[in-house]
Amino acid sequence: MSLSARVVVQRGALGLDVEVDVADGEVLAVLGPNGAGKSTLLRVLAGLLEADDGHVTVDGRAWDDVPAGTRLPPHQRSQGVVFQDALLFPHLTVGENVAFGLRAQGFGRKSRLESAARWLTRVGLDGLADRRPRELSGGQAQRAALARALVGDPDVLLLDEPLSALDARTRLTVRAELRRHLGEFRGSTVLVTHDPVDAMALADRVVVVEAGRVVQAGPPAEVNSRPRTDYVARLAGLSLLSGTGEGRSVRLDGGGVVAVAEEATGPVFAAVRPESVALYLSRPDGSPRNVWPARLVGATPHGATVRCELAGEVPLVADVTATAFAELGLLPGSAVWATVKASEVAVYAR
Amino acid sequence: MTARAPGRLETAVRRRRGRSVPAPLLIPAVVGVVFLVLPLAGLVVRAPWSAIGPALAAPEVGQALRLSLLSATLATLVSIVLGVPIAWVLARSTARGRSVLRALVTVPLVLPPVVGGVALFLVLGRQGIVGSWLDGSFGITIPFTTAAVVIAETFVAMPFLVISVEGALRAADARFEDVAATLGADRWTTFRWVTLPLVAPGIGAGAVLCWARALGEFGATITFAGNFPGTTQTMPLAVYLALQRDPEAAIVLSLVLLGVSLVTLLLLRDRWLGRSGAPIA
Chain A
0 MSLSARVVVQ RGALGLDVEV DVADGEVLAV LGPNGAGKST LLRVLAGLLE ADDGHVTVDG
60 RAWDDVPAGT RLPPHQRSQG VVFQDALLFP HLTVGENVAF GLRAQGFGRK SRLESAARWL
120 TRVGLDGLAD RRPRELSGGQ AQRAALARAL VGDPDVLLLD EPLSALDART RLTVRAELRR
180 HLGEFRGSTV LVTHDPVDAM ALADRVVVVE AGRVVQAGPP AEVNSRPRTD YVARLAGLSL
240 LSGTGEGRSV RLDGGGVVAV AEEATGPVFA AVRPESVALY LSRPDGSPRN VWPARLVGAT
300 PHGATVRCEL AGEVPLVADV TATAFAELGL LPGSAVWATV KASEVAVYAR
Chain B
0 MTARAPGRLE TAVRRRRGRS VPAPLLIPAV VGVVFLVLPL AGLVVRAPWS AIGPALAAPE
60 VGQALRLSLL SATLATLVSI VLGVPIAWVL ARSTARGRSV LRALVTVPLV LPPVVGGVAL
120 FLVLGRQGIV GSWLDGSFGI TIPFTTAAVV IAETFVAMPF LVISVEGALR AADARFEDVA
180 ATLGADRWTT FRWVTLPLVA PGIGAGAVLC WARALGEFGA TITFAGNFPG TTQTMPLAVY
240 LALQRDPEAA IVLSLVLLGV SLVTLLLLRD RWLGRSGAPI A
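Residue numbers (numbering that gives the first Met the number 0), protein chains in the order written: chain A, 0 to 349; chain B, 0 to 280.
Here chain A stands alone, though its shape is the one from the complex:
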C-alpha cells in the first residue's frame, strides 16, 4: 500500500511542487506553516483537486498521472480522509456516519451498522451509534470521523490537521488514541499539520513544506534537533545560526564567531537550545568560550521558565528560570551577557 507522489499545483500566489513517498504502515507528517500548500497537497492526493503536473501512485496503481491524462475520481480511491472539522453528516446518526463508506460500497444495512458499532467501540464511542453528531463533543466527533475513515479498510489514510480544532486537553487524549490506531493501520498515512508536537508524536518521518517546497525531510528527532530553516528551528525552539566552519569555530554570516566542540568546515548550521544559554548582567569570567553582549527584546513565560529573546550580534533565545529572571531584574531593553558552552552547540553541514 505504498504511496508515492509528486504534486505540482500552480494557483495564484501558491506554487506547490513536492514529492512524497510513504511505505506500507508508515506515517508521514507534512509539517509547515499556514499557506505552505500542505492542505492543497492533501486535496490532490484525495482526488478533490486536480494537479497541474505530477503523479500519485498507490501500490503501483496510478491514482493520478497528469502527463498520461489518468485521473481516478475521489470515490474510486481506496482512501480514508479526516478533516480538521470532523464534518460528520448532520442529518445522519453517528452510526450511519461511520457506516457511510460501507453503504456506498453496497453493504446491507445490518452488516454495515454492525461494522460501524465495532469501530465505534474501537475508538471508545461505545453505544453512541444512535446519537446525532451535534450531541457529540469535539473529541468524540473527531474519533467518529476517524472510525468513518477507517471502516472501509482503505489503502491510504489522509489526515488534514485532525487535532487542531480540539481544545488542549482533548487534543492530548485524542492524539494518544490516534497514535495507537495509526500503529495498527497497515496502509500508508499522510498527516498534514502545523503542530510540531503532532508530527513528533505520530509520524515515522517528517517532511517540512514551506512556500510550496520541501525544505527538510527526515525522522522527527533529526528534524527537531537539526533544523535547516528558521521556521523549523522556531518550532523546535532552537536558535539557528548559519555560518562557515573554520575548525573549532564557526564564523557567522551575520557577524560574530561561535566556538564549537567539533571540527567544522564549509557552510554549516549551528543550533543552540534555549536552555543552554545562560544570562549575566556583567561579563562573566571563566570557562565558557562563547560570550556575547546582547539586549533583551522580548520575554514570555513558558511554564516555570521565561523565554527571553535576545538581539545583538548573535541573535539567541534563552530560557531562564522565573526566579533567575526576577533576580536579574530583567526588563525589555536590558543589556545582558549571554554565554553558551562550546559543547552545547550542535553543528551540521548546510
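Since the hints were made in silico from the structure, they are not lab data.
Here a beta-carbon is modelled for each residue, glycine too, at the ideal position from N, C-alpha and C.
This list has only true hints and no planted wrong ones.
From the derived model, a few chain A residues whose C-beta atoms are all more than 12 Å from chain B: (1) Ser163; (2) Asp194; (3) Ala210; (4) Glu245.
Now the stretches of chain B that chain A is said to cover, found in silico as 3 or more residues with beta-carbon under 8 Å: (5) 175-183; (6) 191-197.
With chain A held as given, fit chain B onto it using these hints.
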C-alpha cells in the same frame, strides 16, 4: 453578587437601547405595515359574512378552488423535478455560461406574466413551433386545457424555487460532499444521500413560495389557458370575473383564497420556513 448586579443592569440597558428603532426608520416601517395590512383588513371588514355559506356552496366556486389547488400542486411538483437540478447546476457546476443560464432562468421573475402567456402560446399553441408538431404528430393540443394552466403556472413560479434552492445549496457546506466522495460515493449518490437532505429545508421553503405564486397566477394563465369553468378557470380568474358581475361574490372568493394562503403559510412555517433560516450542522 454585588459586583454582578450593575453588570446585569448594564446589559439590560444596552439591550433596551439596541431595540429602540430610530424615527426615520420607524415611521416608514409603520406606514409600510399599514399599507400591507389595510387592504386585507378591508377585505375582512367588507365581507358579507352571511352570504359566505351559500357562495361557497356554489358549484363553480368549489370547482375553481379544486382546480387551483390541483394545478398549483402539480406546477410545484414539476418545478421541483426540473428546478432542483437547475439549482444544482447553478450552484455546484463549474461549467461556463452559468451566469447566462441564471439570467435565462430568472427572466420569468421579471417578465410580465401576460407576456409569458403570449410566449407560451406562440410556442405551444396550435400554430406554434412545438404546438403544431404536437398537434400534427400526436393530435395533442395544449392551449385552453388544464395542462395549459399547469404549464403557465410552472413557467411563472419555477424561478422562485430555483432561486431559493440555489441559495440553500450555496449556504450548505460543500465539504460534506468532499467527505462523501472520499468515502466512495459518486456524485449522484452524494447528491441523493448528502446534498438533498442538507438542502431539504431550502427545497421546502422554495416549494411553498412556488406553490403560493402558482396559486395566485393570473396573467399567463388567462392568456395561455383561457377562462373555462371547470377546466381552466382558477380562483384568481374567478375572482376577477366575479368582480365585474357581482362584487360580493368576488369578496367571498378572495377571502377563500386569502384563507388558503394563510393556512398554508402557517402549516408550513414551523416545518420548513422557520428551519431554513437556521444554520445547517
